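A.B. asks: Sequence:
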Amino acid sequence: MTASAQRTAARVGLRRGFIEFRQLWTNRDDLIGQFVWLAMIFGTLIFMRGAQLPGTSFSLGAATVPGVIGAGVVFNGLTSVAGALVIDREDGTLLRAKATPNGMFGYLVGKVTTFSMVQVASILVMLVPSLFLFDGLAPDGFFSILNLLWVLAAGLVATLPIGAAIGSLIQDSRMLALVMLPMLGLGAISGIFYPITSLPGWLQDVAQVFPMYWLGLGMRSALLPDQAVVVEIGQSWRPLPTLGVLLAWAVIGLVLAPILLKRMARRESGSSVAARRERALQRV
Numbered sequence: 001m002t003a004s005a006q007r008t009a010a011r012v013g014l015r016r017g018f019i020e021f022r023q024l025w026t027n028r029d030d031l032i033g034q035f036v037w038l039a040m041i042f043g044t045l046i047f048m049r050g051a052q053l054p055g056t057s058f059s060l061g062a063a064t065v066p067g068v069i070g071a072g073v074v075f076n077g078l079t080s081v082a083g084a085l086v087i088d089r090e091d092g093t094l095l096r097a098k099a100t101p102n103g104m105f106g107y108l109v110g111k112v113t114t115f116s117m118v119q120v121a122s123i124l125v126m127l128v129p130s131l132f133l134f135d136g137l138a139p140d141g142f143f144s145i146l147n148l149l150w151v152l153a154a155g156l157v158a159t160l161p162i163g164a165a166i167g168s169l170i171q172d173s174r175m176l177a178l179v180m181l182p183m184l185g186l187g188a189i190s191g192i193f194y195p196i197t198s199l200p201g202w203l204q205d206v207a208q209v210f211p212m213y214w215l216g217l218g219m220r221s222a223l224l225p226d227q228a229v230v231v232e233i234g235q236s237w238r239p240l241p242t243l244g245v246l247l248a249w250a251v252i253g254l255v256l257a258p259i260l261l262k263r264m265a266r267r268e269s270g271s272s273v274a275a276r277r278e279r280a281l282q283r284v
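First residue of the sequence shown? That's 1 in full-length UniProt numbering, and the numbers climb one at a time after it.
Please note: incorrect hints may appear among the correct ones.
Simulated DEER-style distance windows between Cβ atoms [unchecked claim]:
1. M175 to Q6: 19 to 27 Å
2. T197 to T100: 50 to 58 Å
3. I46 to R96: 41 to 49 Å
4. T26 to W202: 42 to 50 Å
5. M175 to P54: 17 to 25 Å
Don't read these hints as lab results, they were simulated from the structure.
Here the structure is a predicted model, which is why all the values come from computation and not from measurement.
Beta carbons: idealized from backbone N, C-alpha and C, even for Gly.
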């Protein structure tokens, strides 16, 4: 692919990403799903507002907000991208992209654009009301937001390529549940709703292998006051390990995703799309 063709495909992908993002946030069903999810999360956080973070006078509900945001980046980055690839494979969108010059590259740029914008919008929807509901969030003002931005950027790079790699391996939309179950398990042990130091040491070690814990930790370092660090491992925000682990996952994803996506694209054909549609109709 020449540089000129690559730039053209990237522009097309960016435009596609903006269009898909606008469609997501103007679709009634998508909006209802987002509202129900946010209502559940805020209800849980408000219920926790009266409790205190162990060893501090800081609200447990406020301390949970950054972890929820970090977990949302992981959930959306992995499952949403994987789900979009599976759906686009089943309805023939990927086959059409494959048949277009530089179409797969533009398709990937579009998906990255769409879900990056979805992540930013979701964080704003979660964070802005939380700043009014809970005292003590973002204590350093502008510098807290700058800290959050680098954690978010590292989190997107660490999760979106992995999500694309997972999606390229899934042959059937029913298999998406196999992705969700491990995510829920990681959420339970990653210190999202309660300090990770309250868990057994071996569970802490398992959680630290995956990006969900580190994204939660990075978000807490950005949005919580210094007194909240007492419940963290080693009583430290550990910014360098956070960056290192997230970049390691980014490298894994950026290496695996192109290989697996090319392999998947080579196998796409009109007959394979027709066969998947036939199986879907039989399920209905």
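A.B. asks: The structure should be examined with respect to each hint, and the outcome stated for every one.
C.D. replies: These are the hints, each one checked on the structure:
The given range of 19 to 27 Å is broken by M175 and Q6, whose C-beta atoms sit roughly 32 Å from each other. Separated by about 51 Å at the C-beta atoms, T197 and T100 satisfy the suggested range of 50 to 58 Å. A beta carbon spacing of about 46 Å between I46 and R96 agrees with the range 41 to 49 Å that was offered as a hint. For T26 and W202, the Cβ-Cβ distance of about 46 Å falls inside the hinted range of 42 to 50 Å, so the restraint holds.
Distance hint check: the CB atoms of M175 and P54 are about 39 Å apart, inconsistent with the given range 17 to 25 Å.
In terms of the numbered hints stated before, the structure departs from hints 1, 5, listed from lowest to highest.
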